[in-house]
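K.L.:
Each chain, written out:
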Amino acid sequence: MIQVLADNDGVVTLLWDTPDKKQNVFNAEAMTALADALAQANAIEGAIGIVIASGKRDFVAGADITMLQGMASQADDVPALYAGVGTLSKLLRDMEKGKLPVAAAINGTALGGGFELALACHRRFAANNPRAVIGLPESGLGLLPGAGGTQRLPRLIGVQPSLPLLMEGKRLSPAEAKAAGLVDELVEPDALLETAKAWIRTKPSPQQPWDKKGFKFPGGSSEDAGVANMFMVAAALYQAKTFGNYPAGKAILSCVNEGSRLDMDSALEIEKRYFVGLIRDPVARNMIRTMFVSLGDANKLVRRPQGVEKLKVTKIGVLGAGLMGAGIAYAAAKAGIDVVILDTTEEKANGAVDYATKIEDKAIASKRGTEERKATLLARIHPGIDFAALRGCQCVIEAVYEDRAVKADVTRRAIAVVGGDAVFGSNTSTLPISGLAEASSHPDRFIGLHFFSPVEKMQLVEVITGRSTTPATLAHALDVVTALGKTPIVVHDSRGFYTSRVFGTYITEGISMLREGIKPALIENAGKMSGMPMPPLALADDVGLGLMVAVGLATQRDLGMEAPINPSTPVLEVLVHKNQRTGRRGGGGFYNYDGKNKSLWAGLATEFPAAETQPDVQELIERFLIVQAVETARVMAAGIVDAPEDADVGAVLGWGFAPWTGGPLSYIETMGLGKFIAKADDLASRFGERFRPPTALREMAAAGSKYYA
Amino acid sequence: MQDAWIFDAVRTPRGRGKAGGGLNTVAPIALARTSLQAIRDRNSLDTSLVDDVYLGIVEPVNEQGSNLARVAVIYSGYDQSVPGVQINRYCASGLAAVNMAAAQVMAGQARMTIGGGIESMSRVPMGSSRGAWATDPQVSIYTKFVPQGISADLIATKWGYTREHCDEIAVMSQQRAAAAWAEGRFNKSIIPVKDDNGMTLLARDEHMRPDATVAGLGKLPPAFLQMGESYGFDAVAQQRYPEIEQIHHVHHAGNSSGIVDGSAAVLIGRKDVGDAHGLKPRARIRSFASIGSEPTIMLTGPSLAVDRALSLAGLTVKDIDLWEINEAFASVVLRFKDALGLDMDRVNVNGGAIAMGHPLGATGAMILGTLLDEMERRDLRFGCASLCVGAGMGIATIIERVDA
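Top line first, the protein sequences correspond to chains A and B. Here this note's numbering is used: the first sequence runs in plain steps of one and ends on residue 709. Here this note's numbering is used: the second sequence runs in plain steps of one and ends on residue 404.
In short, the hints are calculated from the structure, not lab data. We treat Cβ as the ideally placed atom computed from N, Cα and C, and that holds for glycine. Accuracy of the hints is not assured; some may be wrong.
To be verified - If the Cβ cut is set under 8 Å, some of the chain A residues that face chain B in the computed set are:
#, residue
1, M1
2, Q3
3, V4
4, L5
5, A228
6, F231
7, L237
8, G244
9, N245
10, N257
11, R261
12, M264
13, G531
14, M534
15, S599
16, W601
What the hints assert, rightly or not - Sample of chain A residues facing chain B (criterion: CB under 10 Å; computed from the structure):
#, residue
17, L15
18, T18
19, P19
20, L253
21, S254
22, E524
What the hints assert, rightly or not - Below, computed lysine-lysine pairings styled on DSSO-like, alpha-carbon distance capped at 27 Å:
#, chain 1, residue 1, chain 2, residue 2
23, A, K99, A, K170
24, A, K213, A, K203
25, A, K178, A, K334
26, A, K348, A, K310
27, A, K596, B, K158
28, A, K598, B, K318
29, A, K348, A, K358
30, A, K170, A, K457
31, A, K367, A, K170
32, B, K144, A, K241
33, A, K528, B, K144
34, A, K97, A, K203
35, A, K367, A, K457
36, A, K241, B, K158
37, A, K90, A, K213
38, A, K312, A, K334
39, B, K158, A, K598
40, B, K219, A, K596
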């Protein structure tokens, strides 16, 4: 795995090139290989130093996620976890304390453990490779860099500059990394290895600055007043941002704060302690599973029916140039796909071009885009009113007004041109797919493609199969989603599908709390503290209270006696009908709006007087999460979503369900099915049947089974 | 149990706590010496009778570090047999020192003791000793630490005290302090601070702004807005008080306690020992209490401490004739008054720390002396001094004049 190549002048190159893999990653095997290679290099007579290089396009991509998952699953075996994290930590410490100087030749991406390896080298040379990224992104997995990253980075560049890199896991280009001091020299790619070797030939000291007597932290350590005060503020900002839901940020702050008071060996002990604490925490386990493994699987289309030839997507059609249609057109153009976008007038259709122009201009203004990219992108968007232009599209996506008749009309006109050749996707968020498919003469090619707003930012697409949708159509629809650079989950037809249905319960719960006399500020803060991206009443204002009333009426009309009781309806009626407060676009709803500022409408206190005793915020937080989790369990029980991975990925990506939980099903399992059912039953008896867990969940608990095997 | 009696109480004037302030050129230990020597000299005290000296210091580092109390005792020329100990109960340190000194007498373990405090905020600034509470993220996050100004604004928000209510308290403090000085009500206890050549450095509290008005104060910018909104502390406070939509930042330099330098000392002892040495007891320490309460709102502890001290003394709020509550922030005074149902006519009648300043380690001993002086002037029986304290503590001491 790692070749030891000695030059005549005593420079030894360790060339890391994992066989049969695209990337070098740290796992048990790699650590052994590195230890062996270092031992061999040190044993070579006349060796004057070591260059660590990669035989891949990238340097080292980080730790093997499977290894991390394995560690996370043995949370009870603390000694084993210490041993696990200690291996690499000690290996790198021994390397930097060895008798030979070591240089890192960073040819491409160096992330996580890969960059920690470079940090333990005595000098870092990076190829000026614009494709490469350098950083310590472990916090995104709920972890921290456990092989010295939290100690060496602040000693290298200072405490304050290191914190955002560690806490937010920022990835830098090699040039940015050089500017920030993460690498010592930026070198042209073909000169990289030779430059590193030349440095070794100068016979530099194999001692790290932090191991020299009298070492001083750049900018001061935690013992200095300015840095100590910075930790005071950093801890408050961490809480303001995370509500304490993400323990990695706190652990990283503490690693740096405590470690910077100690020598490197003791500091590494501190780092290990916090790493073990994090990996034992269900937050890391759940985030790794959902945000890395399951998300990766969704992007790899593990749910795609087998044996269907891959659809090559070069041209798509979009019907309707509103917010969603324009967003889909932009995503397509950005992904290099030609897109025909139709609306009732040329002017409306041109709106899609304006939409894309606006986004690209913003990108140029903030130096994230270029005029060339904008021009290429805009050239791919073809607005018009003539359905004949759809000829040759591999996929047509309908994104017109949520009205069955309008949808049926454009569907018929599009199918008349593309027939059964193209996949026909409807971007409806609520109307059942099987019913809409009746308008098509090719219902087998009809499928739901539910994008989220704003499309250019939201990664998820909920792919909904109707009664007649064939496996081949599903496979092709998934190919389209991939081609658009989005992440699909597979859902079966039903009212509200998956995401809209469950998401709605969060808002409903917030509104019903108001009716119980819970103070609106308490409701909103509980929503934020639960980890949801927005508080429920503010979200309701954004969705539109009038729209919510209308949807409620439509459901009532469609389902009659079968319609579920919606406890938010009486509150909405007071707002909308009695007070003409229809939400943000209507000038005010639960909130008053004044430019960028908003404040809760004072009238709420008179319309819904506060109860004498207010509940504990923790109870409200649990109500928000449990009501969504129960609804997700119902969706699973009804067979609307097949894979628990899709349910969790869809929840986090689709409506921002508290990412720290790893998704609603992970939330249930972390609590334990038995305890969850007991809590939900208790809430059902106090607040209504919406909390009652489905029979299927009780049966799973009784049988001792779980969503995740 | 013995009774502990107050024989004397002194304080220095308070100098502005910054470069150019009247006491900025005086070393902290020399400030402490001023009060300790005054106690000795005014009472012709045989210092070998003093069995312990407690001095409160809130930033016990650098030149206020180590155990300044013992060294100040020696440096003041006290008998070498007198021990000393530095204590820190944050802003209550001066009163806590008195209480602890009294407790030794009550317990029969000391004849005479001294409790007092010193803080040179101009030379050892607030926050100098740092500590885990504010700067260790594990601890600050666990305890939901916020700076006191945020707590003060939180109190105002929670109980609906407006900027104007707070500014009115500030103006009242200024006017009362000015009147008290004009009438010489502090003269009995003020010890001018002199340099080694006998030149007087400061003889009068110099932080006061007697001409302050509500309209004038209204122009000052809120002091804790940035800390609350940009540095995340409002969000931290709201996570403990989630029923609050938004914290209103009503405090500023003019309705918060002033940053000043100063020292104080109180001589306590057994009545028989005093009698034998010609010392006249001025008041009896009836009871005292320190309590802990919710640390994020932090500054609502005083009324709880008062409740406990009253119950220990077998008294009720109505029995207390005169109150001193440290004016750390205007909202603290307002909440204290409302929680106990007091009339401002009996609270801080000679002004407080908003006007005259709050030398952290010394203030508790200072306001106890101010209380006693005014009780004597008005010939009242029961008085209570109380302070809000960092990390949610509160302190109260009830004294009784027996010949009243």
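K.L.:
Would you mind marking each hint as holding or not holding in the structure?
P.N.:
Do the hints match the structure? See the list:
Because the closest C-beta pair between A:M1 and chain B is about 39 Å apart, greater than 8 Å, the hint is violated. Interface restraint check: A:Q3 against chain B, minimum CB-CB distance 43 Å, threshold 8 Å, status violated. Because the smallest distance between the Cβ of A:V4 and any Cβ of chain B comes to about 43 Å, over 8 Å, the interface hint for this residue is violated. Interface hint status for A:L5: violated, as the beta-carbon distance to the closest one in chain B is roughly 45 Å, over 8 Å.
The beta carbon of A:A228 is positioned within 8 Å of a beta carbon in chain B (closest approach about 4 Å), and the interface hint is therefore held. Using the Cβ-Cβ criterion of 8 Å, the hint placing A:F231 at the interface with chain B is satisfied: the shortest such distance is roughly 5 Å. The closest approach between the C-beta of A:L237 and any C-beta of chain B is roughly 4 Å, which is under the 8 Å cut-off, so the hint is satisfied. Satisfaction of the interface hint for A:G244 is found here, the shortest Cβ-Cβ separation to chain B being roughly 7 Å, below the 8 Å cut-off.
Because the closest C-beta pair between A:N245 and chain B is about 11 Å apart, greater than 8 Å, the hint is violated. With its C-beta approaching chain B no nearer than about 6 Å, A:N257 sits inside the 8 Å limit, and its interface hint holds. Interface restraint check: A:R261 against chain B, minimum CB-CB distance 11 Å, threshold 8 Å, status violated. The beta carbon of A:M264 comes no nearer than 21 Å to any beta carbon in chain B, farther than 8 Å, and the hint placing it at the interface is violated.
With a cut of 8 Å, the hint placing A:G531 at the interface with chain B is violated, because the nearest CB-to-CB distance is about 13 Å. For A:M534, the interface hint is violated, the least distance from its beta-carbon to any beta-carbon of chain B being 15 Å, above 8 Å. The restraint placing A:S599 at the interface with chain B holds, with a minimum CB-CB distance near 7 Å, inside the 8 Å limit. Taking 8 Å as the C-beta contact cut-off toward chain B, the hint placing A:W601 at the interface is violated, the least distance being around 11 Å.
Look at A:L15: its Cβ only gets to about 41 Å from chain B, farther than 10 Å, so that hint breaks. Hint on A:T18 is violated. Least Cβ distance to chain B is approximately 38 Å, over the 10 Å limit. Interface hint at A:P19: violated, since its Cβ lies 43 Å from the closest Cβ of chain B, which is beyond the 10 Å cut-off. Proximity of A:L253 to chain B holds as hinted, the smallest CB-CB distance being about 4 Å (cut-off 10 Å).
The interface hint given for A:S254 is met, as the beta carbon of that residue sits about 5 Å from the closest beta carbon of chain B, less than 10 Å. Because the beta carbon of A:E524 sits about 7 Å from the nearest beta carbon in chain B, less than 10 Å, this interface hint is met. Distance hint between A:K99 and A:K170 is unfulfilled; the C-alpha atoms sit about 33 Å from each other, more than 27 Å. At roughly 20 Å between alpha-carbon atoms, A:K213 and A:K203 fall within 27 Å of each other, so this suggested pair holds.
Annotation: proposed proximity of A:K178 to A:K334 is violated, straight-line Cα distance about 30 Å (limit 27 Å). For the hint pairing A:K348 with A:K310, the CA-to-CA distance comes to about 34 Å; that exceeds 27 Å, so the pair is violated. Between A:K596 and B:K158 the alpha-carbon distance is near 25 Å, which keeps this suggested pair within the 27 Å criterion. Taking the CA atoms of A:K598 and B:K318, the gap is near 45 Å; set against the 27 Å cutoff, the hint is violated.
Of the supplied pair hints, the one linking A:K348 and A:K358 holds, its CA atoms being roughly 16 Å apart against a limit of 27 Å. With a CA separation close to 19 Å, the supplied pair A:K170 and A:K457 stays within the 27 Å bound. Between A:K367 and A:K170 the CA atoms are separated by roughly 18 Å; this keeps the pair inside 27 Å, and the hint holds. The hinted pair formed by B:K144 and A:K241 meets the criterion: a straight-line CA distance of about 14 Å does not exceed 27 Å.
Taken as a hint, the A:K528 and B:K144 pair is honoured in the structure, with Cα atoms around 17 Å apart against an allowance of 27 Å. For the given pair, A:K97 sits about 16 Å from A:K203 by alpha-carbon distance, which is consistent with the 27 Å threshold. A threshold of 27 Å between alpha carbons decides the hint, and for A:K367 with A:K457 the separation of about 18 Å falls inside it, so the pair holds. With a C-alpha separation of about 23 Å, the suggested pairing of A:K241 with B:K158 holds against the 27 Å cut-off.
Taking the CA atoms of A:K90 and A:K213, the gap is near 21 Å; set against the 27 Å cutoff, the hint holds. About 16 Å separates the Cα atoms of A:K312 and A:K334, which keeps this hinted pair within 27 Å; it holds. Restraint check for B:K158 and A:K598: satisfied, since their Cα atoms lie roughly 20 Å apart, inside the 27 Å limit. The hinted pair formed by B:K219 and A:K596 meets the criterion: a straight-line CA distance of about 25 Å does not exceed 27 Å.
Hints 1, 2, 3, 4, 9, 11, 12, 13, 14, 16, 17, 18, 19, 23, 25, 26 and 28 from the list above are not met by this structure, while the remaining hints are.
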